[in-house]
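Visitor: Residues per chain, in single letters:
Number of protein chains: 4
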Amino acid sequence: MDKIINRLKRIEGQVRGVQKMVEEDRYCMDILVQISAIQSALKNVGFSVTERHINHCVSDAIKKGEGQESIEELMSVLKQFSK
Amino acid sequence: MDKIINRLKRIEGQVRGVQKMVEEDRYCMDILVQISAIQSALKNVGFSVTERHINHCVSDAIKKGEGQESIEELMSVLKQFSK
Amino acid sequence: MDKIINRLKRIEGQVRGVQKMVEEDRYCMDILVQISAIQSALKNVGFSVTERHINHCVSDAIKKGEGQESIEELMSVLKQFSK
Amino acid sequence: MDKIINRLKRIEGQVRGVQKMVEEDRYCMDILVQISAIQSALKNVGFSVTERHINHCVSDAIKKGEGQESIEELMSVLKQFSK
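Residue numbers (my numbering), protein chains in the order written: chain C, 129 to 211; chain U, 129 to 211; chain Y, 129 to 211; chain H, 129 to 211.
Bound-form chain C, shown alone:
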């Protein structure tokens, strides 16, 4: 998970960067491009967390024959994440 924490730290830095851009009254479209970059980075972190979850928790549940509930929970969170 160290890799994920590093990516989140970079995202934190990007969010601070956008704050600075707003404070310095930078061009709106440049700010929006930066926000888009943060969204992509966050989405990638979300997918890494999801993949990890399927590889561990969901797989274990399926092997124990208890996959149904685990898959339903996964789908409901994915729906929220993909809005």
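Hint data in this document are derived by calculation from the structure and do not stem from the laboratory. Hints are not guaranteed to be accurate.
When chains are identical, the list treats them as one kind, so a pair holds in a single copy or across two.
Claimed, not checked - In silico EDC-like cross-links for lysine to aspartate or glutamate, where the CA-CA straight-line distance does not exceed 20 Å:
1. 148 to 197
2. 148 to 158
3. 171 to 151
4. 137 to 153
5. 131 to 200
6. 207 to 179
7. 131 to 153
8. 171 to 188
9. 137 to 152
10. 171 to 130
11. 207 to 197
Keep in mind it's a predicted model, so treat the numbers as computed, not measured.
Chain C is already provided as a structure; the job is to place chains U, Y and H on it using the hints.
Guide: Then chains U, Y and H, alone, in the frame of chain C:
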């Protein structure tokens, strides 16, 4: 723009919160729900920036009869933002 | 608008193609890739309609000094479209 | 899968409806709202196909100890689908 900076500070705090959740090895699906919340918050900031941009830069360009270029730029950034 | 109607006809054909794939019990992941392609095509149509709207209705409203309401409506529809 | 085919038929009808709106030169923002509705409907079909896929193919692969490849494929298609 103070309101936007405050929202970005809150987002920065939320990103730090997710880092902590990852460090504490919290449940993946709870982490993903938090990431979704940050994405929504970022999207709202993006829309505020866009609205401000249309109200000022784009409107001014249109009034001067130079809207075309400004609208094309807006659309290209919006496409990236809505991916 | 002929171009947009042609794109919508192609999308209609793609949706029928997915129906056939489901009926023929094709591989789920291939079906999902096709659905993603339709979503991209629809998104592009949406952006064309939006650009046209800004170039005409919103621009006219702004020139008449009545941009505010028009821009608010645009933003509220864009928020729904970008979900 | 009958339910999914019915939903795709309804989506096909909605796409035809949008064509008609464009032909009748209806208000752009009303057209965009309709396109958003189709996108939501398509997204829901995509999630149903995904859930079905995880419940069958992915679960079977995991039970046979061959989950890794199956999960990687799922994630790569999900990334495309959630763009």
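Visitor: Against each hint, give a clear statement of whether it holds in the structure.
Guide: Do the hints match the structure? See the list:
For the homomeric pair residue 148 and residue 197, neither the shortest alpha-carbon distance inside one copy (44 Å) nor that between copies (27 Å) is at most 20 Å. Taking the closest pair of Cα atoms, residue 148 and residue 158 come within 20 Å of each other only inside a single copy of the chain (12 Å); across copies the shortest separation is 30 Å, beyond that limit. When the C-alpha separation of residue 171 and residue 151 is checked against a cutoff of 20 Å, the pair qualifies only between copies, where the shortest distance is 19 Å, while the shortest distance within a copy is 26 Å. In this assembly of identical chains, the alpha carbons of residue 137 and residue 153 lie at most 20 Å apart only when taken from different copies (16 Å versus 25 Å within one copy).
For the homomeric pair residue 131 and residue 200, the shortest alpha-carbon distance between copies (18 Å) is at most 20 Å, but the shortest distance inside one copy (28 Å) is not. Proximity of residue 207 and residue 179 under a CA criterion of 20 Å is satisfied in both settings, with 15 Å inside one chain copy and 11 Å between copies. In the homo-oligomer, the alpha carbons of residue 131 and residue 153 lie at most 20 Å apart only across protomers (14 Å), although the nearest pairing inside one protomer, at 33 Å, exceeds that limit. When the C-alpha separation of residue 171 and residue 188 is checked against a cutoff of 20 Å, the pair qualifies neither within a copy, at 25 Å, nor between copies, at 28 Å.
Within a single copy, residue 137 and residue 152 get their C-alpha atoms only as close as 23 Å, which misses the 20 Å cut-off; across copies the closest is 15 Å, which meets it. Proximity of residue 171 to residue 130 under the C-alpha cut-off of 20 Å is restricted to the intra-copy arrangement: shortest distance 17 Å within a copy versus 27 Å between copies. In this assembly of identical chains, the alpha carbons of residue 207 and residue 197 lie at most 20 Å apart only when taken from the same copy (16 Å versus 23 Å across copies).
Checked against the numbered hints given earlier, the structure breaks hints 1, 8 and satisfies all the rest.
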